[in-house]
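Student: Go ahead and model the full structure; you've got the sequences and the hints to work with.
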Amino acid sequence: MNLLRAQRPAIAFLLALAGQSAQSEVLASLTFIQPTGTATTTDVIPMWVRLSLAPDSDAVSLSTTTDSAYIDWYCEDGGFSDCSLDGPAPAAAPSPYVAVPHFGANSWFELTQRPAFVLNPGESVDLHIVNLTPRSGTVPAGFYQHQQVGLSLYGPTAPEDDAMFPPAPLFAVSTSCSIAPDACTFSRNVTAAVPEVGTFGLGVLGGLGLLGLAAKRRRATT
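Numbering (my numbering), first residue to last: 4 to 225.
If you're looking for bench data, these hints aren't it; they were derived computationally from the structure. Treat the hints with caution; some may be incorrect.
[As the list claims (entries may be wrong)] Derived CB-CB ranges, DEER-like:
hint: 1; residue 1: 141; residue 2: 120; range: 35 to 41 Å
hint: 2; residue 1: 139; residue 2: 192; range: 16 to 22 Å
hint: 3; residue 1: 30; residue 2: 140; range: 40 to 46 Å
Please read these numbers as outputs of a predicted model, since none were measured by experiment. Yeah, the Cβ is synthetic: ideal placement off N, Cα and C, and Gly gets one too.
Tutor: Encoded structure:
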């Protein structure tokens with residue numbers, strides 16, 4: 004698996020595996036929430052993932068106590084900008100969607116806002132990664148898809164954050180499927196947005212209604 008560093012969060016992490024032993028093992032999965040659905044050509048599409056630990060996994064504990072550990076993430080082969088949806092346009096063309104990172108509650112960086120975070124065996128956490136926003140206010144109708152999202156956690160490999168021992172990946176997980184890749188993608192069927200009836204249209208309809216009412220009254224008086 005090729006993990007490319009996209010961005011290092013401003014607040015770093017320490018990953019502590021339960022027991023702190025050499026036999027510790029994190030058994031995690033990463034899945035898209037609402038992997039399929041529909042949208043209109045003007046909709047902003049939120050992308051969520053769920054990080055889950057298996058019942059027989061070790062716990063994961065994160066704390067902002069060191070600068071030698073951090074979370075690394077990627078979308079396909081790059082950072083958040085590569086979370087955009089691939090659609091009916093040629094592959095070489097830029098995606099009509101712009102991936103805007105979500106910050107705040109339930110964000111991918113939510114962990115940076117906590118003094119400590121613990122995920123126990125069998126537990127999961129839902130994370131809002133990006134909002135997929137139409138680049139020009141609207142996108143062509145069609146089928147859009149994104150292949151995979153992943154994350155890895157890096158931690159110190161030596162005591163006292165020795166600069167000679169850089170952080171090493173402690174575990175990595177992604178949404179990819181080895182057997183049926185298309186079953187684990189994030190996709191949307193995008194259809195043309197229904198235009199809203201504007202003020203001008205309402206005025207025209209109202210005027211036609213008044214004319215019809217006046218004609219009806221004239222016929223009633225003759």
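Student: Each of the hints needs a verdict: does it hold here or not?
Tutor: Each hint, compared with the structure:
Taking 35 to 41 Å as the suggested C-beta distance range, the pair residue 141 and residue 120 conforms, at roughly 39 Å. Range check, residue 139 to residue 192: about 20 Å between beta-carbon atoms, so the 16 to 22 Å window is met. At about 43 Å, the CB distance of residue 30 to residue 140 agrees with the hint of 40 to 46 Å.
Of the hints listed earlier, there is not a single one the structure fails to meet.
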